[in-house]
Amino acid sequence: MCGFVIGSTMHKKDIASITLAAWMFTVSGLMHLLHASELKMFLGFALVGFFVIVYMIHPMYTKPRYIRDVYHVAMVATVVFGIVTYLRMLELLNW
Amino acid sequence: MFGNSVLVKDVLVKRCDRYRLSSFILIGFAALLFFAVLLTDPLGIMRNSFTLLSATSFIGGAFLFALGGGRSVDARLAGWLSMQGISTLGHIIHDLGGHGAAVFLPPNGEGGEVMQFIPTQPASQSFLGDGGGFACHNGITGTLYRPLAGPMIEVLKREDGLTLPSEYSLLMVAVREVCEDVLSIADRVDVRQEGDTVTFTLHNYLLFPGCASLRERPSELCALCPCSICGLIACMVAEGLKCEVCLDQVILDDTSRSHCMQISYILKKSEGVPT
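Residue numbers (the working numbering), protein chains in the order written: chain H, 1 to 95; chain F, 1001 to 1275.
Note that these hints are calculated values from the structure, not bench results.
Among the hints, erroneous ones may be present.
With a Cα cut of at most 25 Å, we get these calculated SDA-like pairs of lysine to any residue [what the hints assert, rightly or not]: (1) H:40 with F:1049; (2) F:1157 with H:72; (3) H:63 with F:1069; (4) H:40 with H:22.
A few chain F positions that, by computed beta-carbon distances, are all more than 12 Å from chain H [claimed, not checked]: (5) 1080; (6) 1087; (7) 1139.
Even glycine gets a Cβ: it sits at the ideal position worked out from N, Cα and C.
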């Protein structure tokens, strides 16, 4: 028994999960193919996709409970993204 | 067919649990992969492809964890609870002279709330006394009640930050968000406008069984005494557009794969229905 129906009746939370997974697998696959596997770079790209998806799914006129939890995760992701960016800049400056 | 519908709704209700379960599996998988890389290739951990896979699983798991949560409830029970008392209340209103369709009136100024006007037959007014308790609206005498969805819309405003825009297209977005995201009673809500009639189609409607049980009885009850969900949408439209809203008809469609409910409202506004 399939949990959700692929097509017009898919809930946007399902669509968001699938899109994020597809984005991260694409990025990691490309990095692997290009022999450029690097965790910090991957985290940067993956979190950009995450932020875009959160922006796309957030409701305008309501704040459901799940979106408040997503905002908390987004705050943690922002900190991680900041650290990754900071380390990358340090690397560039040292280089 | 009914059993199948129950199964579909049960799956819909358990979506939140599936999210949390999937998140735990993904985070566990991420931890396993990370430790495997740590043991086999501790020096190249930052450049190992399995580390990227581990990060993918972890981010996905964290996202699913945030999307999940909430307590599940049996869809049939929720459907019946939502309809409990509607039939009795409708019969009482009908026996007291109520007839036709209830009209949702927009709030009177700031701080007001939507009220539900139920027209009554002239004969019943003399039966009920000297006119006390009756209200007159557009030359029609009837009774004025607080709609069943009144408390729900207050909770949505207070706890879920619901705001109701006055522009038609934006208000429809707000209705969609309430049905799809906040209450999760439908997978998708379509809105169609034809003249003064606005039709909302709720795809994969969660409370379908309860609604179907009510529709086996006289359908006038739906228009006379709309349930919480039909009333909620009507209240939102009435408050947002500042117009009178009247429930026209409810059509249940259990033939398609996802059970749909179509609710049609007639909007009445002196300066015309906004588009």
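Structure-based check of all given hints:
{"no.": "1", "hint": "H:40 with F:1049", "verdict": "12 Å, holds"}
{"no.": "2", "hint": "F:1157 with H:72", "verdict": "21 Å, holds"}
{"no.": "3", "hint": "H:63 with F:1069", "verdict": "15 Å, holds"}
{"no.": "4", "hint": "H:40 with H:22", "verdict": "19 Å, holds"}
{"no.": "5", "hint": "1080", "verdict": "23 Å, holds"}
{"no.": "6", "hint": "1087", "verdict": "29 Å, holds"}
{"no.": "7", "hint": "1139", "verdict": "36 Å, holds"}
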